[in-house]
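Colleague: Chain by chain, the residues:
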Amino acid sequence: MAQFLMIALNGLTLAAVYFLVASGLTLIFGLMRVITMAHGTSYLLGGYIGYVVARESGNWVVGALAGAVAVGIFGLLIHQLLIKRFQDDDMRVALITLGVSLIGTDLMLAAFGGTATQVPVDASLQVATVQLPIIGSYPLLRLLVLAFAVIVGVLLALGISQTRFGAVVRAGVDDAQMTAATGVNVPLVFAVIFALGSALAGLAGVVGGTLFPLMPGQDGTYLLFSLVVVIVGGMGSIPGAAIGAALVGLVSQFTLVYAPTYSLVLTFALMVVVLAIRPQGIMGRKS
Amino acid sequence: MTTSQINASLARQPRTGVAKWLPIAFGALVLILAFSFPHIVDRPRFWLPNIGIRSLWLGIIAMSLVFLNRYVGLLSLAQMAIAGVSAYTVGFVVVKLELPFMWGAAIGVVVGTLAAILVGLVAARTKAIYFLMITLAIGQVFYSWASQSIEVTNARRGLAPIDRPEIGPLDLANIQTLYYCALILAIVCYLLCRYVTSSTFGLTLQGIRDSPERMRALGYNVFGYRIAAMAFAGLIASFGGILLVLDRNQVDPNVVSLNSTLDVLVVAVIGGIGSLGGVFAGAVVITMLSNFSQNFTDRYLTLTGLVFILVLLFAPTGLAGVGQQVRRLMSRRRNAQTEQESPPGLAEPPRAETQKGTSNEAD
Amino acid sequence: MKLTKKGLLASLAAGATMLLLASCSGGGTAGGDGGSSDTIKIGVLATDSGNLAFGMDEAKAAIGVAMEKRGGTVEGGEVGGKQVEFVYAGTDGTTASAQTQVKKLVENDGVDIVLGPTSGDEGETVVQYAKGVPEVTFVNGAASPVGMTLEGVENFYRFMGDSVMWMAGVGDYAYNDKGYKKMYLLAEDYSFPYDNAGGFFSEFCAAGGEISGASWVPVGNTDYATIISQIPADVDAVYVGLGGADAASFLSQAVSGGVDKPLVGGSIAIDTTALSGDANIASAAVGMISGGPVPGEGYDNPAWGEFVDAYATQPNAFPSPSIFAILNYNAAESLLLGIEQSNGDLSDDQAALREALSGLSWDSPTGPLKLDDNRQAIVDNFMNEVVQADDGSLVLETISAASDVRQGTIAYDRFSSCGDLK
Numbered sequence: 000m001a002q003f004l005m006i007a008l009n010g011l012t013l014a015a016v017y018f019l020v021a022s023g024l025t026l027i028f029g030l031m032r033v034i035t036m037a038h039g040t041s042y043l044l045g046g047y048i049g050y051v052v053a054r055e056s057g058n059w060v061v062g063a064l065a066g067a068v069a070v071g072i073f074g075l076l077i078h079q080l081l082i083k084r085f086q087d088d089d090m091r092v093a094l095i096t097l098g099v100s101l102i103g104t105d106l107m108l109a110a111f112g113g114t115a116t117q118v119p120v121d122a123s124l125q126v127a128t129v130q131l132p133i134i135g136s137y138p139l140l141r142l143l144v145l146a147f148a149v150i151v152g153v154l155l156a157l158g159i160s161q162t163r164f165g166a167v168v169r170a171g172v173d174d175a176q177m178t179a180a181t182g183v184n185v186p187l188v189f190a191v192i193f194a195l196g197s198a199l200a201g202l203a204g205v206v207g208g209t210l211f212p213l214m215p216g217q218d219g220t221y222l223l224f225s226l227v228v229v230i231v232g233g234m235g236s237i238p239g240a241a242i243g244a245a246l247v248g249l250v251s252q253f254t255l256v257y258a259p260t261y262s263l264v265l266t267f268a269l270m271v272v273v274l275a276i277r278p279q280g281i282m283g284r285k286s
Numbered sequence: 000m001t002t003s004q005i006n007a008s009l010a011r012q013p014r015t016g017v018a019k020w021l022p023i024a025f026g027a028l029v030l031i032l033a034f035s036f037p038h039i040v041d042r043p044r045f046w047l048p049n050i051g052i053r054s055l056w057l058g059i060i061a062m063s064l065v066f067l068n069r070y071v072g073l074l075s076l077a078q079m080a081i082a083g084v085s086a087y088t089v090g091f092v093v094v095k096l097e098l099p100f101m102w103g104a105a106i107g108v109v110v111g112t113l114a115a116i117l118v119g120l121v122a123a124r125t126k127a128i129y130f131l132m133i134t135l136a137i138g139q140v141f142y143s144w145a146s147q148s149i150e151v152t153n154a155r156r157g158l159a160p161i162d163r164p165e166i167g168p169l170d171l172a173n174i175q176t177l178y179y180c181a182l183i184l185a186i187v188c189y190l191l192c193r194y195v196t197s198s199t200f201g202l203t204l205q206g207i208r209d210s211p212e213r214m215r216a217l218g219y220n221v222f223g224y225r226i227a228a229m230a231f232a233g234l235i236a237s238f239g240g241i242l243l244v245l246d247r248n249q250v251d252p253n254v255v256s257l258n259s260t261l262d263v264l265v266v267a268v269i270g271g272i273g274s275l276g277g278v279f280a281g282a283v284v285i286t287m288l289s290n291f292s293q294n295f296t297d298r299y300l301t302l303t304g305l306v307f308i309l310v311l312l313f314a315p316t317g318l319a320g321v322g323q324q325v326r327r328l329m330s331r332r333r334n335a336q337t338e339q340e341s342p343p344g345l346a347e348p349p350r351a352e353t354q355k356g357t358s359n360e361a362d
Numbered sequence: 000m001k002l003t004k005k006g007l008l009a010s011l012a013a014g015a016t017m018l019l020l021a022s023c024s025g026g027g028t029a030g031g032d033g034g035s036s037d038t039i040k041i042g043v044l045a046t047d048s049g050n051l052a053f054g055m056d057e058a059k060a061a062i063g064v065a066m067e068k069r070g071g072t073v074e075g076g077e078v079g080g081k082q083v084e085f086v087y088a089g090t091d092g093t094t095a096s097a098q099t100q101v102k103k104l105v106e107n108d109g110v111d112i113v114l115g116p117t118s119g120d121e122g123e124t125v126v127q128y129a130k131g132v133p134e135v136t137f138v139n140g141a142a143s144p145v146g147m148t149l150e151g152v153e154n155f156y157r158f159m160g161d162s163v164m165w166m167a168g169v170g171d172y173a174y175n176d177k178g179y180k181k182m183y184l185l186a187e188d189y190s191f192p193y194d195n196a197g198g199f200f201s202e203f204c205a206a207g208g209e210i211s212g213a214s215w216v217p218v219g220n221t222d223y224a225t226i227i228s229q230i231p232a233d234v235d236a237v238y239v240g241l242g243g244a245d246a247a248s249f250l251s252q253a254v255s256g257g258v259d260k261p262l263v264g265g266s267i268a269i270d271t272t273a274l275s276g277d278a279n280i281a282s283a284a285v286g287m288i289s290g291g292p293v294p295g296e297g298y299d300n301p302a303w304g305e306f307v308d309a310y311a312t313q314p315n316a317f318p319s320p321s322i323f324a325i326l327n328y329n330a331a332e333s334l335l336l337g338i339e340q341s342n343g344d345l346s347d348d349q350a351a352l353r354e355a356l357s358g359l360s361w362d363s364p365t366g367p368l369k370l371d372d373n374r375q376a377i378v379d380n381f382m383n384e385v386v387q388a389d390d391g392s393l394v395l396e397t398i399s400a401a402s403d404v405r406q407g408t409i410a411y412d413r414f415s416s417c418g419d420l421k
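Chains as they are written, first to last, in numbering that gives the first Met the number 0: chain A, 0 to 286; chain B, 0 to 362; chain C, 0 to 421.
It is worth saying that the hints were derived from the structure and are not from the lab.
Here the structure is a predicted model, which means the values were calculated and not measured.
Among the hints, a few may not be true.
Stated by the list, open to error - Mimicking EDC-like on lysine to aspartate or glutamate, the simulated pairs with C-alpha atoms at most 16 Å apart in a straight line are:
| hint | chain 1 | residue 1 | chain 2 | residue 2 |
| --- | --- | --- | --- | --- |
| 1 | C | K130 | B | D41 |
| 2 | C | K130 | C | E150 |
| 3 | C | K102 | B | D41 |
| 4 | C | K68 | C | E296 |
| 5 | C | K180 | C | E209 |
To be verified - To spell it out: a stretch of chain A is covered by chain B in this simulated footprint if at least three of its residues, at any positions, have a beta carbon under 8 Å from a beta carbon of chain B; those stretches are:
| hint | segment |
| --- | --- |
| 6 | 242-256 |
| 7 | 272-280 |
Glycine included, every Cβ here is placed at the ideal spot set by N, Cα and C.
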């Protein structure tokens, strides 16, 4: 029992990182109906920037902010320079951002090298554990990451359902043309959302880079996992991303124990199963 | 009027004079070049495998992608994985079962096509961007499996050696013989694609691409047609996979890695993602870059990525469209008021507007 | 016919470019036919992108050290009365790019000898390729798979131990000196860790030890929390067959997860970059023993000191030579010694050079080096331990060296008990 709960908790804390990455992707898709294939690049870039800044400043929070802001600006640049013109051509946006990710992979390798790094945290925080019922001692750091993801998720969900900006976003999702006709500056909203979605990936990079290594290849890995998460959860839905992330995290950890050889295969197979039963994803809307 | 209609009407215009014989002359010239290639290059033992044969199998696999994109409106990133399935089947049959190569090739093509049907069953209910994401993920499922399954794929070590066979009078171990076989296979695949696209089946597919609702209303089984198209593209990709094994003499997970998948996409886009023949131009560019870019830059991927983005931004019809763009420019100058302003689409003709929806379920 | 036009036009354009480039690149020397020429061309195959991107710099540093001793440079110089020229080809560590680049070196650049490659996957591919070009001599760079020298490829030479030999002596030491009786096996799930762990556990089990369980972690997994929780409480030590990034990640998560077992590392589990990194791994890493071809602090061999000093003067050198630098150096130096002993004679399918290489015996920075009948090196192997220096920094210290280590004939697969190894 203790072991089962331990694995489940590991799965959920891993899911926290997946959710942070995927939330940006699903946010962008929800409003703009485009998928950015440079999302993994944003994750890794954010992680690297967070690593450098946190190391120089000695402060993790400064690093996290720097990672998020810098990648937000990076996203804004991509949006303005490359994909704004092709807003209605989702396929071309996907392919252009794929090109961006090819270049990003190569340039990050040149800049940060092939060896792995990790965003530094205070040594006392790294070894701190808390006593949980049944499970026993558990690393505090992982629980903090889980809590952080929950807070971000709740803020995003509230932001979309409760604020005026959220209302505009929801209106844009339903009918962008009609929204524009009511005087909303839709291009501005798009730019803000794209930057925000990228910033979330950058932030996820710093958080993920604190628990796990940052190295070449992680960009592709996190792009794939976030795609699987949003496909499973339903594209465009924040609660869907949370559910998708939890499923992917749990499946990957349980399979690691019970079928380690095919752990990754089974994690991806989850997506196939969901698609077969519910093509629009768990929380996806059927038009 | 959409771009596709413009293109269609352009295509329907009767050609006169130069326009009529030019393509035939070009075709003949390309074929002459391709057939004399082993005799013009200075180091055939380098040029034939590294540029020639590699371009041909990359091109064939990319052609299956282009076929699906242009005539079915589905951009599949699983084509490399399907080619990989057929390549792995050859490897399994030859290395593990110790049967002759031709057995492997025959079974490989069948298994590759079946794999394509499976991919279709999972993915063909979705469309456009969803289809792209799902096929990408399916490709990665196969990659993960291939890297782990010691019993079947020999995991990371891969299946080797797969020696080039002698088939009757043809000794494929001779690099020149192999090149000509590959060239003929590529031509056959091309003609096969052309034949299918102009058949009733192909026309139905294009009808489904442009308006699935209407075709469904007319009583067509849209899903079934899509699966059939996937199967045909899978067959073509499988041929590419067989050629890949002949070229590389081994098969390992690297064959179906994310990078290899993207290679095929880059080839298709640079060649012109709407052109069945253009893929070979794209493949030549990519193989040349991968062989020679080191002479002037350390950043091969950055270079590839830049070319890729520039093509998408400014020449969405790729290398294959260069001639057409020039012609369009000229006709625009001649006849400014009749030529309509039309943003270039990704596919040529581009996907119909109806393909973009709010749900990832098809139609 | 009208629809074909675009495709054909494009193919034509590409074909023309191709021919243009073909005629341009034809300017190279007519190498490959060896003997008659006064220049010996050596093609160097090393990784310059991907996760092992530093492989090329390390190979160049190694060649720089070997050539500067002879008054030459990393580009070439005079060796054995002949002009030696190096041609470098970078790969990304995958078999596909190794195949492309080795073909380019041999067929297009016309090299007489290939030195390389870096990674194990590439190594097996290059050996397959070497079979088909018997007129070219291949000297392995840093690739360690067991099978490479067991296939009877006559023109392939390896002046380093394989991945099984890299753990020689460690299994005995763990059982007899450290007193570990039951161990848990945790390693990445691919061929290198199989062989590496096989080398350790074949000794450990033969000495009387027991494997109480195994976790083969899929390549690409970075979250070790669950795997750490699987380690049974009653084991004496844990074998960590992870490399580079994964090892660092494991160590830092082991610190968080409160692992209090002693660790035994595979040959690539500890490297100096991980030890000097920012991650807080001291409490898990100190006391970890491992085996491999690179000696640590306290290794008493003047040749090693000379090599380290010469290495430090090379461009892009790390603070201390990595495994790739020392392996490539031993390979390059052996090759140059062979060329000197055969007076650069490459005639008769390089027979004189090959005879010289086969009979070579010299004192390398890592101890005496000679070849067995399979053209596979007989080497010294090192056992190192992570210790904490007075200033708190972590260093790798050599405890002992096993000498005259010879290659076995077993390549290992996944195993989870001592019984599987028999």
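Colleague: Could you run down the list of hints and mark each one as holding or not?
Modeller: To see whether the hints hold, each was checked on the structure:
no.: 1; hint: C/K130 x B/D41; in the structure: 24 Å, violated
no.: 2; hint: C/K130 x C/E150; in the structure: 10 Å, holds
no.: 3; hint: C/K102 x B/D41; in the structure: 15 Å, holds
no.: 4; hint: C/K68 x C/E296; in the structure: 24 Å, violated
no.: 5; hint: C/K180 x C/E209; in the structure: 6 Å, holds
no.: 6; hint: 242-256; in the structure: violated (count 0)
no.: 7; hint: 272-280; in the structure: holds (count 5)
When each numbered hint is compared with the structure, violations occur for hints 1, 4 and 6.
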